[in-house]
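**Student:** Residue-level listing of the chains:
There are 2 protein chains.
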Amino acid sequence: MSDLLTKAAKVKSTAIQLGKKSTAQKNKALELIADELRNQSAFIVRENENDIRLAREKGFHDSLIDRLILNENRIHDMADSLNQLTNLPDPIGEVLEEWARPNGINIKKVRVPLGVVGMIYEARPNVTVDAASLCLKTGNAVLLRGSTSALYSNKALVHVIHEALNKSELPNDAVQLIEDTSRETANQMFKMNEYLDVLIPRGGKKLIQTVVEQSTVPVLETGAGNCHLFIDESANSDMAMSIAINAKTQRPSVCNAMETLLVHENWAKQHMSSLIHSFKENDVEIRGDEATQTYDDLVKPASEEDWETEFLDKILAIKIVRNVNDAIDHINQYGSKHSEGIISEHLSNVTEFMNSVDAAALYHNASTRFTDGFEFGFGAEIGISTQKLHARGPMGLPALTSTKYLIHGEGQIKQ
Amino acid sequence: MSDLLTKAAKVKSTAIQLGKKSTAQKNKALELIADELRNQSAFIVRENENDIRLAREKGFHDSLIDRLILNENRIHDMADSLNQLTNLPDPIGEVLEEWARPNGINIKKVRVPLGVVGMIYEARPNVTVDAASLCLKTGNAVLLRGSTSALYSNKALVHVIHEALNKSELPNDAVQLIEDTSRETANQMFKMNEYLDVLIPRGGKKLIQTVVEQSTVPVLETGAGNCHLFIDESANSDMAMSIAINAKTQRPSVCNAMETLLVHENWAKQHMSSLIHSFKENDVEIRGDEATQTYDDLVKPASEEDWETEFLDKILAIKIVRNVNDAIDHINQYGSKHSEGIISEHLSNVTEFMNSVDAAALYHNASTRFTDGFEFGFGAEIGISTQKLHARGPMGLPALTSTKYLIHGEGQIKQ
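So the sequences go chain by chain: A and B.
Just so we're aligned, residue 1 is where the first sequence starts under the UniProt record's numbering, counting upward by one.
Just so we're aligned, residue 1 is where the second sequence starts under the UniProt record's numbering, counting upward by one.
Keep in mind that the hints are not guaranteed to be accurate.
It does not matter which identical chain is used: a pair holds within one copy or between any two.
As the list claims (entries may be wrong) - With a cut-off of at most 25 Å between alpha-carbon atoms, the simulated DMTMM-like pairs for lysine to aspartate or glutamate come out as follows: (1) Lys414 / Asp238; (2) Lys109 / Glu94; (3) Lys280 / Asp372; (4) Lys109 / Glu98; (5) Lys108 / Asp90; (6) Lys20 / Glu345; (7) Lys300 / Asp173; (8) Lys191 / Glu57; (9) Lys20 / Glu49; (10) Lys12 / Asp329; (11) Lys109 / Glu97; (12) Lys155 / Asp372; (13) Lys28 / Asp372; (14) Lys269 / Asp297; (15) Lys167 / Glu410; (16) Lys206 / Glu31; (17) Lys109 / Asp90; (18) Lys12 / Glu97; (19) Lys314 / Asp3; (20) Lys108 / Glu352; (21) Lys414 / Asp372; (22) Lys109 / Glu345; (23) Lys108 / Glu97; (24) Lys206 / Glu184; (25) Lys191 / Glu233; (26) Lys10 / Glu304; (27) Lys109 / Asp372; (28) Lys108 / Glu94.
What the hints contain is simulated information worked out from the structure, not anything from laboratory work.
Since we're looking at a predicted model, the values are computed, not measured.
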């Protein structure tokens, strides 16, 4: 049997036992992993250096190398997150609904683990600890498949996790790392419906696209954010400018940053020049439609492609629209159903926007940058779902659960 | 553009408007469809006769032809279900959660339609009305693709639905039937991620398997039921017999009927002969393991394949086990995660069974035949999900919904 099949079988064999562990047993294991990470940080850093050396030899960009680095600080941060995770409520076993039927049977809907989670991810080795800990907290076994570039680091981290699990009451085999990082193992994982209950891709657009297109295992899709902000005619000008600058510049490289700004023509007449000025002060390149270009010589023309693009950079597309309906139509045509905002003091326009834009999170008079499990108060985040089934928007621990119906009777039969 | 693409685009163009319609507007449309079905029943029967004639020419089995038939009674039953559907609560707009964050933003999680539902189904033309009405009630547009054998009937039904929608405030194009029932259109539908938010296959195992394997559109899987009943040592003998007979024989052709019976060896010693006798009186063919064969000469040997088979017929596999753990292991190995039961008076065995069997519905001292949206009190049923994401077990109207987060602020920006 291949490494992949052996490990998939191992992971699956632990799922039922793991699913029955108590909250205390699971939290104890997370604490043991945190301790072990701190104790073995020197070993982890040493192994990580192999990945860094190889990445430099291959000429990786500095930003990519930065994502790979595990130093004492980062390892201690990981350990701290594990300790924080123990404080979150355990969703498993929660009774979501309970009712009796006229024939006397009692029906309970309870939360249970998904079973076995397959995780396919890129570069960042911290995803290894993150995924393993979120899965263990929710009673899920996990099969990890990271990238070649982080293999030394991932092996070291899983080694440390195993040493901690050995001291815990959770099954050691519940966390497994695939060490063959060839494309073939990924392709095989896509079809492992017998072993995996769900696949979660974490990484770039291309990785996620490939998994969605090729996987027969159900996928939890965490996707791209081509996010918009619409400044309505009635918008408070200070608020609109502050939110627009924040949504674009506070951290341009993340999925909930604004990519296209839509501005009501009447608001534009009064404030567009000063808004463009503020963006320039923040080193933002502007690509505008024809109307926007009339406000400033330095606005470049926006192409059709710009409306579709998640820049993830200090680039912003701007379009002037006639009303809220034009804004809604533009967003529903080009948006990626992630996070969309309206700045307005006109309540019926806000309602129309909230009801008509098809996206996971809709903001009125607030920055799109709040779409995030921590900002929502979930205490942990699996990712931000842009799909409509199972979970939509920021996903906390419950996204890693399913349900079961438990029915109790006294001999009832179907008439 | 092909018929498929034209209709997919039409359906999609209505989704946002349809999603905003009020409960009253949607219920009114359902009533109009019910009236129109009753008024045009002669036309529907006439068109249906074309399908029946063709089916007879092709030499279809009587049972298949029976599924195709639409007579006055069946049409009135469909109309009655539509009237009943108007009484069910509308899930759309329901606020599932609402909270404020320390920074003052208010977050609401509300139920919204999925958008566009693609429905691929076989033979039974009543699915056309069923699917259309459940989708309309939940504000979803629907693209229907039935089978060639029911094409005359499906066209007639959708014609009637359109005439009713014309008189309603819902968009007429929200329900569309693909009239090209070639395999190619199905294959194209599997990849229509741009138009469809979800695909629901309804029909045989092979159809569902094909959709799950080939679709890149997310699938709501309604699956096969290889259901088990375990009679524990402590089971009340009358109750065990009554439930076993009911689960197998009340309607053997449905997914929640029992296919394999597992019996504790000590209970078997006392009651197996009389249980087998009862099954025989009910014309049930028994295929047993070696131990079961010792109880009656007419028990045929069960093959490995029998443990895996959903007979959907008056055939039952029986295995004698040593304890509840053997029963759990057998079910988790061969079951299809649908409905599984235990008859026992031993509470810790019941708890172990409930916690360790991985299935949508687990029964204690009741027949597995209750896994059904109506028996659960949902008032409607989309199908019974055997997947773990989104919805598990009997699916009522909420399974046809997604959620949105609506966030209200007063100018909050991310620090």
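**Student:** Which numbered hints are broken by the structure, listed smallest first?
**Tutor:** Of the numbered hints, 3, 7, 8, 9, 12, 13, 15, 16, 18, 19 and 25 do not hold.
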